[in-house]
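Model the placement of chain G on the given structure of chain V, informed by the hints.
Given next are the chains, with one letter for each unit.
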Amino acid sequence: MEELIRIDRLTKVYERGEVLAVNDISFTVKRGEFLVLIGLSGSGKSTLLRCINRLIEPTAGQIVFDGIDVTKASARQLRQLRRRMAMIFQQFNLVKRSSVLTNVLSGRLGYVNPGASAIHKFPKEDLESAFANLERVGIPEQAYKRADELSGGQQQRVGIARALMQRPDLLMADEPVSALDPATAHSVMQYLEQMNQEDGVTVIASLHFLSLARRYGTRILALKDGEIVFEGLPAEIDAAKFKEIYGEEAEEVEVR
Amino acid sequence: MTPQDQYYAGFMSKRPSWTKALRAYRKDLGALIADFVVLIALWGLSSFIWNDLVHGTRDFISVAPWIMLVVCFELALVWESFAVSPGMRLFGRRATDDRNGRAVIGRRFLRVLLLHGLPLFILPILVTTRYIPWQDRLAGFRSVSAAEVPDPRKPWYRTSWMVALAGLAVAMYLASALFTQVDLVKLFTNASATSEIWARIVNPDWSILGLGVRLLIVTLFMAFMATLFGVLVAVPLSFLAARNLAHGIIGRTIYTVLRILMSIVRSIQPFIWAIIFVVWVRTGNAPFAGGLALFVHSVADLTKLYSERLESIDPGPVEAIRSTGANGLQVILYGIVPQIINPYLSFTIYRWDINVRMATIIGLVGGGGIGQRLLQLTRNWVWDQAIVLMLLIMVAVWAMDYSSSRLRERLN
Chain V
2 MEELIRIDRL
12 TKVYERGEVL
22 AVNDISFTVK
32 RGEFLVLIGL
42 SGSGKSTLLR
52 CINRLIEPTA
62 GQIVFDGIDV
72 TKASARQLRQ
82 LRRRMAMIFQ
92 QFNLVKRSSV
102 LTNVLSGRLG
112 YVNPGASAIH
122 KFPKEDLESA
132 FANLERVGIP
142 EQAYKRADEL
152 SGGQQQRVGI
162 ARALMQRPDL
172 LMADEPVSAL
182 DPATAHSVMQ
192 YLEQMNQEDG
202 VTVIASLHFL
212 SLARRYGTRI
222 LALKDGEIVF
232 EGLPAEIDAA
242 KFKEIYGEEA
252 EEVEVR
Chain G
40 MTPQDQYYAG
50 FMSKRPSWTK
60 ALRAYRKDLG
70 ALIADFVVLI
80 ALWGLSSFIW
90 NDLVHGTRDF
100 ISVAPWIMLV
110 VCFELALVWE
120 SFAVSPGMRL
130 FGRRATDDRN
140 GRAVIGRRFL
150 RVLLLHGLPL
160 FILPILVTTR
170 YIPWQDRLAG
180 FRSVSAAEVP
190 DPRKPWYRTS
200 WMVALAGLAV
210 AMYLASALFT
220 QVDLVKLFTN
230 ASATSEIWAR
240 IVNPDWSILG
250 LGVRLLIVTL
260 FMAFMATLFG
270 VLVAVPLSFL
280 AARNLAHGII
290 GRTIYTVLRI
300 LMSIVRSIQP
310 FIWAIIFVVW
320 VRTGNAPFAG
330 GLALFVHSVA
340 DLTKLYSERL
350 ESIDPGPVEA
360 IRSTGANGLQ
370 VILYGIVPQI
380 INPYLSFTIY
390 RWDINVRMAT
400 IIGLVGGGGI
410 GQRLLQLTRN
420 WVWDQAIVLM
430 LLIMVAVWAM
440 DYSSSRLRER
450 LN
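Read top to bottom, the protein sequences are chains V and G. For the first sequence, the working numbering begins at 2 and goes up steadily by one. For the second sequence, the working numbering begins at 40 and goes up steadily by one.
Pulled out of the complex, with its shape left as it was, chain V reads as follows (with noise of 0.2 angstroms):
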């Protein structure tokens, strides 16, 4: 398979110097991958993400995104560069009093005419896709509620379609399921799990149970302090290894 990300040597730094968040991460990411981050809070899960489409200005190293460098993009590449990896957050970053219509279709916003979009105007295709992309996610009867009116599971659905908009071709998902129960959970990953299978969108997840990992991963990366404490298949962690990535004290939870 092809890359589709390399990662190189990435550091980030916060706080003039004195936090590392990330601290010196290479990887590679292949098109078609399910990677999965697992790591305790504050390993640098999300800023390793957040640097991927550079949200976060990486202090150090190099990001490069089918071929060309994210981390040398203009503001006009990096906002193209955007369009093709969409993102989905752990607290779901609705646009709380729009409605969800337009918090799907600003998913198109990268590509459609700036002006138009001024005034709210999109074009047909994109509004028939955004109905569309409701119907995959199954809330399509919610359309014109506003965003804040959904239960936590229905408005990540909100961003996934949101995501599916954009049409990308790696989605990530920063800790897309921490604030749902199980059940949610889970329907949440299958669409996920749908969007890598179907529509072969390479995903790069990051999720806090390793049940979660084990089941809809295709290969795993842990992260402890910033570093990368372990690299492969889900199948090989062991006690052992899971001691190494959550510490000592920790124990497996379960979530089916």
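Some hints could be false.
If you only want the chain V side, here are some residues facing chain G, beta carbon under 7 angstroms, derived [said to hold, decoys possible]:
no., residue
1, Asn94
2, Arg98
3, Pro115
Since the hints were made in silico from the structure, they are not lab data. For glycine and all other residues, C-beta sits at the position ideal for the given N, C-alpha and C.
Leaving out everything else, chain G in the frame of chain V:
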């Protein structure tokens, strides 16, 4: 060389070690200066009261100034060594002994003595890497960041800070009583002097009603224009004056300058602006001057309200919109505007409400409108017409108040 070494050389030690020492030193010095200022203020106030009560003179410093400076400096040193002074709270410093325990009284005395040579030893402190000032080193005393030591839980009213504050409150109370020249005897015996005013007020002269309504409309328009143009200026300014949107050196500079400028403009009362503009644009068209005054004050006030609201928006949606590849304008329109539109409207209505009330007051200093006429009438002792205008103002203010609160309720 491992890559780590490279990064550490590049990023981890950007700040030389002496800057840390300097920072700690700066905080101690800042605390001392703050206490010094507090004490001088206390001195001035209490001295003023004393002089006024005892000698009947108005004087803030009755001794030679250098005596006051020296005494205040000494008191500041004592305060910082024996208690937690306001300056130490402000800069987050606490005093401990060399093992982060409670310092004994002997050490505290010693430190006060040693602190006298403070300025002589600044340079050696700058070059030491582990910062312990010489006076603390000798006294076995340490001034550390407040985060490092547990706060001994004293009840709030027993802290030296609160005692000083209570003293200040009593002093302020006495001072204000003196300044305003309280005369209770007159208050209770001289009420009959106003009887003529009351007599005329109960017999309103309604012939002025038509003119009054016209003037009221002028005043309302004055408030409306001031609000409208104020909003047009304040909305863009608020984006520049929001801390979370100020990036880079240029952004930060604009933010700081705007915030300072706006707080200065805001602290000058609208009726003072009105006086300034009456002189500035004396065109015989006084409502213009009043409108300008309201406009300037509205811009400053709204910019503050708006930008504070901007600072409290949820950064999540903004991040999400950015991640779709949207440009700056789209991020504002889709990520920020939906979050702020209702509060902005609410603030605007609130400000219009204020402007209507202010517009009548501004008239009193020559800013035009109904207020100006009201002032003329009261000066000429035409209370029977003045009361009609007052009633009109009352109705207008009440109507604005009521409708604005109803509107704002619906927005929230």
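Taking the hints in turn, this is what the structure says about them:
no., hint, in the structure
1, Asn94, "4 angstroms, holds"
2, Arg98, "5 angstroms, holds"
3, Pro115, "6 angstroms, holds"
In this structure, every one of the numbered hints holds.
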